[in-house]
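Chains as they are written, first to last, in this note's numbering: chain R, 1 to 375; chain S, 1 to 375.
To be clear, the hints were calculated from the coordinates, so they are not data collected in a lab.
Do not rely on the hints blindly, as some may be mistaken.
As the list makes no split between identical chains, a pair holds if one copy fits it or if it spans any two.
Said to hold, decoys possible - Straight-line Cα separation of at most 30 Å, BS3-like style, residue types lysine-lysine; simulated pairs:
no. : residue 1 : residue 2
1   : 140       : 225
2   : 158       : 128
3   : 225       : 89
4   : 222       : 89
5   : 128       : 140
6   : 59        : 29
Protein chains: 2
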Amino acid sequence: MNQAFQPFTPQARTLMGPGPSDVHPRVLKALGQTTIGHLDPQFVQLMDHVKTGLQYALKTQNPLTMAISAPGSAGMEACFVNLIEPGDKVIVCQNGVFGGRMRENVLRCGGQAIMIEDPWGQPTDIQKVADALQQHPDAKALAFVHAETSTGVRNDAKALCALAKQFDCLTIVDAVTSLGGIELAVDDWQIDALYSGTQKCLSCVPGLSPVTFSQAAIDTIKQRKHPVQSWFLDMDLVMGYWGEGAKRAYHHTAPVNSIYALHESLCILHEEGLENAWQRHQTLHNALKQGLEGLGLSLLVDEQYRLPQLNSVVIPDGVDDALVRSRLLNEFNLEIGAGLGALAGKIWRIGLMGYACRQDNIDYCLDALGKVLNR
Amino acid sequence: MNQAFQPFTPQARTLMGPGPSDVHPRVLKALGQTTIGHLDPQFVQLMDHVKTGLQYALKTQNPLTMAISAPGSAGMEACFVNLIEPGDKVIVCQNGVFGGRMRENVLRCGGQAIMIEDPWGQPTDIQKVADALQQHPDAKALAFVHAETSTGVRNDAKALCALAKQFDCLTIVDAVTSLGGIELAVDDWQIDALYSGTQKCLSCVPGLSPVTFSQAAIDTIKQRKHPVQSWFLDMDLVMGYWGEGAKRAYHHTAPVNSIYALHESLCILHEEGLENAWQRHQTLHNALKQGLEGLGLSLLVDEQYRLPQLNSVVIPDGVDDALVRSRLLNEFNLEIGAGLGALAGKIWRIGLMGYACRQDNIDYCLDALGKVLNR
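Please model the complete structure; the sequences and the hints are all you need to start from.
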């Protein structure tokens, strides 16, 4: 019993796994500031600033842009429970863990999921999606993952959305790992509903999920025949809380300090410039790749659709996956990620996200890997 | 645009509203510590410690005791979506805002809500509940709010649970404002599902919802005929993440830093002693009450079922509610709460919760109120 009530002081780590990634020191400082009320005029104004910051990061003018008060999985659920009603058909692309989770969400909304499956490590095949849209003209939405954190693959969000729009289909996009790390343009690409996370390329603490909804998405929500099955995630109610000006109907108590942190991370992104941040991820990915090749290691995913911020490294034959990761953690305080599902034991996932995406981190990681692998 | 990207430094407030309440400085310090991975062995151990701490605070041995990674409204939803299936009948007691929210949850689960309504400011009438249980022997659960934050009323949780058990009914209890402030004994009272919040008498930041489920509740979940409508709140999946030892199946990314904060707040509660904390709330409530009476102000709720941690003060005739609150905030940096719903404009809600429940806060509040009211 007593051990449970000892003060907890975490041993610092270098976070180069699939997330959370290293949190910027300025973000931690903002996080620990004095808590104010969630209806305090100061906080209401901060919510407006966070909205502006998210609109900047997402390249959108959508008024319905905000942070859900819960992690990315809840953001995913917010998109599905608001847009999908019983009987609705959704085309879901799966080429990793998170497409499967989208399917689960469709089913739990009483919807029908038309699955487009591609091998893990490969991108979604656009032709297969075109065929499915042709075959299911009544599909309400196309759902896919922009940056598949479980494999390191970039799906072609721009092309997938353009295709969906030809068929008058709503688009639901998982941008948990893409936001802030690679090009993403909600309005230009005509994304209707998008959710992300704070603990990846925004260098913020985990626990919030930025979301945005287009006018078409809002119209769809307003025309629902059934109430949204989640009270907590009902955007019609959440809108009243995050909405314009004086309205601010009490819905739930926002995680005030986490919003401080998100705001600071958006300030940092704005200072660097969104396009510069994308470029930094690409440039440093190239540096990491060269270093890994120097150690005789190769990447799983083809360059053409490889994510710079999530590097799937093929584990060489005869190397003990778990032992390497545990030595990196225990001897170097360095966290890298394991493979998931079909890729468990076959890859490591090295994240280069946000503040963790720095040359000194790359040098440190390559040095540690070299020592542990005796290369 | 540019204003949105200016650093945010909150003006400190004294938080004596309905929550969030003043956060303990040690909790803020814990919150701002370096972020580690949510699967890091250090963090996995911390989750165990938080579970132990919550078991202590809730007086329960329930193994399924944890913090939902979202605010109290999500904790409420977690209780309902896991236990209630389409067609289930739930007796819901309403004598304030939060009973109404429970009803919403029942309906969104496809259940039927049998409402027991009592006036705001009065406790739930036990006889009416007994009659309803008699009349609806097929009711699956009795749901009620222990401490009604919107009115300052304590419902008799012990008696309500004992009654429900006579009719073999599950009990679902809202303990958002009661946990840490007044007597609460999950096992002794035979509570089956309970949710709380961190931003009230635990003096922690908002954003997490402690929950606990009895064995009977777990059995009910395991015997469900329909999948839980929420993926994020599906306890069967969440159990795998918060469960014993090595399992720890990846479900979502826990809000790591908020868990640091919750742990520290549980350490502080344990240092003081749970019963001592209850006593402090009662003693200081008496001090506040005396002071308010000295200013000619009276409390809405009868002493017999009045909450010490949430004091509903009747606004005297001719006093401008909004002006008083805004002067307290702007001139004294003191936040007190407005009335909600039927009590809007009729009461102020003065919170004495957790770290905010101190003699110096009471003195400060009485002094400020006296000045603003010219008394």
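Checked hints:
1. When the C-alpha separation of residue 140 and residue 225 is checked against a cutoff of 30 Å, the pair qualifies both within a copy, at 14 Å, and between copies, at 28 Å.
2. In this assembly of identical chains, residue 158 and residue 128 lie within 30 Å of each other by CA distance solely inside one copy; the values are 16 Å within and 59 Å between copies.
3. In this homomeric assembly, residue 225 and residue 89 come within 30 Å of each other (Cα to Cα) both inside a single copy, at 15 Å, and across copies, at 23 Å.
4. Taking the shortest Cα distances, residue 222 and residue 89 sit within 30 Å of each other both inside one copy (19 Å) and across copies (29 Å).
5. Taking the closest pair of Cα atoms, residue 128 and residue 140 come within 30 Å of each other only inside a single copy of the chain (17 Å); across copies the shortest separation is 47 Å, beyond that limit.
6. Taking identical chains as interchangeable, the C-alpha atoms of residue 59 and residue 29 lie at most 30 Å apart only when both belong to the same chain, with a minimum of 27 Å there against 35 Å between chains.
In summary, the structure agrees with every hint in the numbered list given earlier.
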